Amino acid sequence: MTTIVCGVDDSPAARAAVRIAALLAESIGARLVAVHVLAHLTDADHSAKHVAAAVLYDEVPDADATARGEVGDVAERLAAVALDEDAILIVLGADSRGGRSRACLSTRHAAELAEMTTVPILIAPLQLGALDARRGQSHDLEEAHR
Amino acid sequence: MTTLTSTSPPPAARGAWIDARSAAPIIAAVDDSAASRAAVDDAIGLAADLDAPLVFVHVRRGPAAMFGGPVYKRRLAKELERARRVVERAVRVADLAEVGAEAEILEGSPGRRIVEYARDRGAQLVVVGSQRRRLRRGVAHEVARTADRPVFVAARRRSDPALARAA
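Chains A and B, in that order, are what the protein sequence lines are.
Following the numbering used here, the numbering of the first sequence begins with 1 at its first residue and continues without gaps.
Following the numbering used here, the numbering of the second sequence begins with 1001 at its first residue and continues without gaps.
Simulated from the structure, these hints should not be mistaken for laboratory data.
Please read these numbers as outputs of a predicted model, since none were measured by experiment.
Among the hints, a few may not be true.
[To be verified] Computed spacing ranges between beta-carbons, pair by pair:
id: 1; chain 1: B; residue 1: R1085; chain 2: A; residue 2: R31; range: 39 to 45 angstroms
id: 2; chain 1: A; residue 1: M1; chain 2: B; residue 2: E1079; range: 31 to 37 angstroms
id: 3; chain 1: B; residue 1: L1076; chain 2: A; residue 2: P61; range: 55 to 61 angstroms
[Said to hold, decoys possible] So these bits of chain A aren't anywhere near chain B, every CB distance computed over 10 angstroms:
id: 4; residue: R31
id: 5; residue: S47
id: 6; residue: G72
id: 7; residue: E85
id: 8; residue: P125
[Stated by the list, open to error] Not everything, but these chain B residues come out facing chain A in the computed CB check (under 7 angstroms):
id: 9; residue: A1103
id: 10; residue: I1105
id: 11; residue: G1108
id: 12; residue: H1141
id: 13; residue: P1150
id: 14; residue: F1152
id: 15; residue: R1156
Even glycine gets a Cβ: it sits at the ideal position worked out from N, Cα and C.
Isolated chain B (complex conformation):
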């Protein structure tokens, strides 16, 4: 069972550039944005069609070191809780689609860490969502620019409010 949407390419299209590499995982970058939800759906569909292991990765930047001990700890705990919520939700969606998935929480610069992690795991594909950034380039842009493997930018759903605003 897959969770494909009408905007997703058909299974054959999604798997055609990869052959005999099904043991290599698909890495999907997730956060709590609407764009990330699209990435989760597409990554699950891709993993099912390619019969590839799926790994959801959330990268947290970490609280600023300028905060004192108690504040730092509180913020760190909050960040970790949010990160756990994000990856647990993604894994739950994968479970509902009967696709096995694991999750990792990393720390650092999201764009850089996702690319490093994909390289370390020998990923066959990196799936990212695309989110509008007013003042800086998004993670999808950085991953696409620096990754040494294919990057799949998930289709934005028509219900995405950001897309509606852009239209």
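Chain A with its partners taken away, still in its complex shape:
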């Protein structure tokens, strides 16, 4: 089964990215793996997995998705998970407000990640996730009207 890997954290950009990744995964019947990477060893893998699971539960509760927690260098671990899962795409979030965006970390990771993997990377801007959320809401409204 094909797999899409999505790097997640608690930021709005990452939450938008996981919605896009879920949409992509659903459209091609792929499995979504949401990965949260802790940069430092704190509560080890359990906490990281908990963060990924919480983001999935909040954003795409109905998706066929798996949460994974990793500890270490963010780009290196994402590349390793993509390889391990034989992913066809890695999705990351990017906040684009110009200048020194708050999501600079995400895009820095994307640049590092691109050097470590042969899997294509899709960087989804926050606006795209918001658009997807609005589409979902309007769909829900239509359903309610029916």
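Starting from the structure of chain A, add chain B where the hints point.
Below, chain B alone, put in the same frame as chain A:
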């Protein structure tokens, strides 16, 4: 016909985030690097699958103004020739894949100009290659950081010598 490689996502995955926007072009940033060749291949595949217009963009920085007239002109001519070669090669690859493409040569800071151009053209997607930069951030990083639309960082080919070195 597409020029997909095994590392590219399947067609449905590549088009799923976009609907009813096929008139919006895909902008692919190209230069003469190996990473750019991967971007050209992926951009052609994406354009074919999405039935979207494809525009190859090369941004040249322009010779430094400190050079005197004759040197400036010579360097400018050389830069323009290289830029033309880069975009012509990309368009030729697209032609071989039976995908229509146009090309633009811009001047300025590559990261900034690509994002501006994508915004001006209402692009649905920006495709970039990723190249290792030792002393400064790459164009892919700047585009990903500042673009207000999806950015597709092309998969590096296993034959890419930089990737082999990194491994």
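Hints, verified against the model:
{"no.": "1", "hint": "R1085(B) to R31(A): 39 to 45 angstroms", "in the structure": "43 angstroms, holds"}
{"no.": "2", "hint": "M1(A) to E1079(B): 31 to 37 angstroms", "in the structure": "48 angstroms, violated"}
{"no.": "3", "hint": "L1076(B) to P61(A): 55 to 61 angstroms", "in the structure": "57 angstroms, holds"}
{"no.": "4", "hint": "R31", "in the structure": "12 angstroms, holds"}
{"no.": "5", "hint": "S47", "in the structure": "28 angstroms, holds"}
{"no.": "6", "hint": "G72", "in the structure": "17 angstroms, holds"}
{"no.": "7", "hint": "E85", "in the structure": "13 angstroms, holds"}
{"no.": "8", "hint": "P125", "in the structure": "6 angstroms, violated"}
{"no.": "9", "hint": "A1103", "in the structure": "23 angstroms, violated"}
{"no.": "10", "hint": "I1105", "in the structure": "25 angstroms, violated"}
{"no.": "11", "hint": "G1108", "in the structure": "16 angstroms, violated"}
{"no.": "12", "hint": "H1141", "in the structure": "4 angstroms, holds"}
{"no.": "13", "hint": "P1150", "in the structure": "6 angstroms, holds"}
{"no.": "14", "hint": "F1152", "in the structure": "6 angstroms, holds"}
{"no.": "15", "hint": "R1156", "in the structure": "6 angstroms, holds"}
When each numbered hint is compared with the structure, violations occur for hints 2, 8, 9, 10, 11.
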